[in-house]
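Participant: Protein sequence lines correspond, in order, to chains A and B. Residue 1 is where the first sequence starts when you use full-length UniProt numbering, and the numbers rise one by one after that. Residue 1 is where the second sequence starts when you use full-length UniProt numbering, and the numbers rise one by one after that.
Warning: the hint list may mix true and false statements.
[Stated by the list, open to error] Pulled a few chain B residues facing chain A out of the computed Cβ check, cut under 7 Å:
no., residue
1, Q31
2, G34
3, N125
4, A190
[Unchecked claim] Derived DSBU-like pairs (lysine-lysine); straight-line CA-CA distance at most 30 Å:
no., chain 1, residue 1, chain 2, residue 2
5, A, K233, A, K23
6, B, K100, A, K239
7, A, K100, B, K233
8, B, K41, B, K23
9, A, K100, A, K226
10, A, K100, A, K23
11, B, K239, B, K23
12, B, K100, A, K233
13, B, K100, B, K23
14, B, K41, B, K100
15, A, K233, A, K41
16, B, K23, A, K100
Because the hints were derived from the structure by calculation, they are not lab data. Don't be surprised by glycine CBs; every beta carbon is placed ideally from N, CA and C.
Protein chains: 2
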Amino acid sequence: MFRHRLADAAGRIEAQFAHVLGKLDPVPVVQAMGYAMRGGKGLRGFLVLESARLHGIEADRAIWPATAIEALHAYSLVHDDLPCMDDDDLRRGQATVHVKWDESTAVLTGDALHSLAFELVSHPNCGPAAVRAELTHSLARASGAQGMVLGQALDIAAETADIPLSLDQITALQSGKTGALIEWSACAGALLAQADPELLRRYAQAMGLAFQIADDILDVEGDAEKAGKRLQKDARAGKATFVSLLGLEGARSRATDLVDQACDTLAPYGAQAETLRDAARFVIARDN
Amino acid sequence: MFRHRLADAAGRIEAQFAHVLGKLDPVPVVQAMGYAMRGGKGLRGFLVLESARLHGIEADRAIWPATAIEALHAYSLVHDDLPCMDDDDLRRGQATVHVKWDESTAVLTGDALHSLAFELVSHPNCGPAAVRAELTHSLARASGAQGMVLGQALDIAAETADIPLSLDQITALQSGKTGALIEWSACAGALLAQADPELLRRYAQAMGLAFQIADDILDVEGDAEKAGKRLQKDARAGKATFVSLLGLEGARSRATDLVDQACDTLAPYGAQAETLRDAARFVIARDN
Numbered sequence: 001m002f003r004h005r006l007a008d009a010a011g012r013i014e015a016q017f018a019h020v021l022g023k024l025d026p027v028p029v030v031q032a033m034g035y036a037m038r039g040g041k042g043l044r045g046f047l048v049l050e051s052a053r054l055h056g057i058e059a060d061r062a063i064w065p066a067t068a069i070e071a072l073h074a075y076s077l078v079h080d081d082l083p084c085m086d087d088d089d090l091r092r093g094q095a096t097v098h099v100k101w102d103e104s105t106a107v108l109t110g111d112a113l114h115s116l117a118f119e120l121v122s123h124p125n126c127g128p129a130a131v132r133a134e135l136t137h138s139l140a141r142a143s144g145a146q147g148m149v150l151g152q153a154l155d156i157a158a159e160t161a162d163i164p165l166s167l168d169q170i171t172a173l174q175s176g177k178t179g180a181l182i183e184w185s186a187c188a189g190a191l192l193a194q195a196d197p198e199l200l201r202r203y204a205q206a207m208g209l210a211f212q213i214a215d216d217i218l219d220v221e222g223d224a225e226k227a228g229k230r231l232q233k234d235a236r237a238g239k240a241t242f243v244s245l246l247g248l249e250g251a252r253s254r255a256t257d258l259v260d261q262a263c264d265t266l267a268p269y270g271a272q273a274e275t276l277r278d279a280a281r282f283v284i285a286r287d288n
Numbered sequence: 001m002f003r004h005r006l007a008d009a010a011g012r013i014e015a016q017f018a019h020v021l022g023k024l025d026p027v028p029v030v031q032a033m034g035y036a037m038r039g040g041k042g043l044r045g046f047l048v049l050e051s052a053r054l055h056g057i058e059a060d061r062a063i064w065p066a067t068a069i070e071a072l073h074a075y076s077l078v079h080d081d082l083p084c085m086d087d088d089d090l091r092r093g094q095a096t097v098h099v100k101w102d103e104s105t106a107v108l109t110g111d112a113l114h115s116l117a118f119e120l121v122s123h124p125n126c127g128p129a130a131v132r133a134e135l136t137h138s139l140a141r142a143s144g145a146q147g148m149v150l151g152q153a154l155d156i157a158a159e160t161a162d163i164p165l166s167l168d169q170i171t172a173l174q175s176g177k178t179g180a181l182i183e184w185s186a187c188a189g190a191l192l193a194q195a196d197p198e199l200l201r202r203y204a205q206a207m208g209l210a211f212q213i214a215d216d217i218l219d220v221e222g223d224a225e226k227a228g229k230r231l232q233k234d235a236r237a238g239k240a241t242f243v244s245l246l247g248l249e250g251a252r253s254r255a256t257d258l259v260d261q262a263c264d265t266l267a268p269y270g271a272q273a274e275t276l277r278d279a280a281r282f283v284i285a286r287d288n
């Protein structure tokens, strides 16, 4: 069953991360790095492991970029939760890093996770140097000012804008903020095999957008305890979302269409890709 | 003359950076990235260019890691200056990013510079994939929780500690906080040439420590206007420094010894390494 496979991948990534952290000085920042990695769904790391399997890459190679992308994602959450950003006190069902420790520890913990992601993705165990260089370069682009950080910057700008964003603008914002890392994760398996990532890219683009629409629906309809974070934040902030623009039913139907599209894109991979199709279906069925 | 060569390198790095930034959306974060890169000495980038020249590497390859290390250094300054960290309002003679913009922009600007550093250091123009993978992996280690961030974390812990740090502890702290990036910069030329970086590493370790001792002397004796940042912060905070532990004359003499040692280490490179020796002499003679 899919949730079981996802949990299994998350467990393997957490074990690998604990192994890496075990070699560092146990200063508070390093403790907070381990804390920030706890309790995530592990969806991005799972996409790396699963797209790698599809391309015949062994898990003991793919675990490095899988752990890297989860470290990068965790860094972005620690910084996003800071008082000067989203000011959240709850994440993954536990107090955020700046609440549990303090703000300076949270800034440094994010920074350390950020560097660690690049250490892991360029690790000799990932494979040939050409693969490591390509994984690194594409991850840097996906996470920087033309990818994730651009999306975050547009999101902050939207909060203070006089006119709510249009559907096109929100789609662009989200393709950076959450889409870029999801896309990198799905492509990583092909990159590890030095194969063409194009089909996986198209799959991930549709799935990433569905993921964000589902997040907006969850923000309106979800159970904060299951989600492990505060909800109804967007509505309270008066922000335009896929739900405010499309309505609840419109958003649901758009997300379903995108998941169908993501699944169809993988047709050339045949039955081998069924777990990735399950992953696409999962992103609109999850409660956290 | 050395200062001229240093300024020339800084100018080339700034131009390269402007070229890279020019391809990004001109959102506030991207503007702030350019702002944060302005007015630095460019010492780390200079070390990359000069150690590369020593190993016969053309400047149009070395400019990529040189720009990368300056981007990484700039990110660390933007985050260091945040209210929850050192809370500085002046850096490189201009208002800090969170003062000129706001805190969330400063967090994201640092994050974007951090990713950009890895994009540049893994850029195809740096050379063969083996070189790019090695530059990336070593930079990630130098900047993370076993390098720069560890030094920053120890520095923050020292501020709230009951007992001032010992000389050994301050040396360990600084070898992370400023030493790790200086060491990477000096080694980069050898890594670009796939040569042994050992001599450059020893040179940089001595020079990095001299750099930090000089910073402590500058903090006591310097002119804030020339330094472009607030001074006398350590004494006011009651922090142990090389000056508080060794006295002003003791610190000066230790720094001079370290510079001599750094210069001697480069003997096998002969006269070719004279500019790097000048760089070591510069770090204890500078006023900013």
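Participant: Look at each hint and say if it fits the structure.
Facilitator: Going through the hints against the structure:
1. A distance limit of 7 Å between C-beta atoms decides the matter here; for Q31 of chain B the minimum to chain A is near 11 Å, and the interface restraint is violated.
2. Hint status for G34 of chain B relative to chain A: violated, with the closest Cβ pair at about 11 Å, above 7 Å.
3. With its C-beta approaching chain A no nearer than about 11 Å, N125 of chain B sits outside the 7 Å limit, and its interface hint is violated.
4. Against a cut-off of 7 Å between C-beta atoms, the interface hint on A190 of chain B is violated, since the closest Cβ of chain A lies about 17 Å away.
5. Under the criterion of a C-alpha separation no larger than 30 Å, the hint pairing K233 of chain A with K23 of chain A is inconsistent with the structure, at around 39 Å.
6. A distance of roughly 26 Å separates the Cα atoms of K100 of chain B and K239 of chain A; the hinted pair therefore holds under the 30 Å criterion.
7. With a CA separation close to 28 Å, the supplied pair K100 of chain A and K233 of chain B stays within the 30 Å bound.
8. At most 30 Å may separate the alpha-carbon atoms for a hinted pair to count; K41 of chain B and K23 of chain B meet this at roughly 25 Å.
9. Between K100 of chain A and K226 of chain A the alpha-carbon distance is near 21 Å, which keeps this suggested pair within the 30 Å criterion.
10. Between K100 of chain A and K23 of chain A, the direct Cα distance comes to roughly 23 Å. Compliance with the 30 Å bound is thereby established for this hinted pair.
11. Between K239 of chain B and K23 of chain B the alpha-carbon distance is near 43 Å, which puts this suggested pair outside the 30 Å criterion.
12. This hinted pair checks out: K100 of chain B and K233 of chain A have alpha carbons roughly 28 Å apart, not beyond 30 Å.
13. Among the hinted pairs, K100 of chain B with K23 of chain B is consistent with the structure: their alpha-carbon atoms are about 23 Å apart, no more than 30 Å.
14. For the suggested pair K41 of chain B and K100 of chain B, the alpha carbons sit about 21 Å apart, so the restraint of at most 30 Å is met.
15. For a cut-off of 30 Å, the pair hint linking K233 of chain A to K41 of chain A stands: about 21 Å separates their Cα positions.
16. Of the supplied pair hints, the one linking K23 of chain B and K100 of chain A is violated, its CA atoms being roughly 39 Å apart against a limit of 30 Å.
Going down the numbered hints, you'll see the structure goes against 1, 2, 3, 4, 5, 11, 16, while the others check out.
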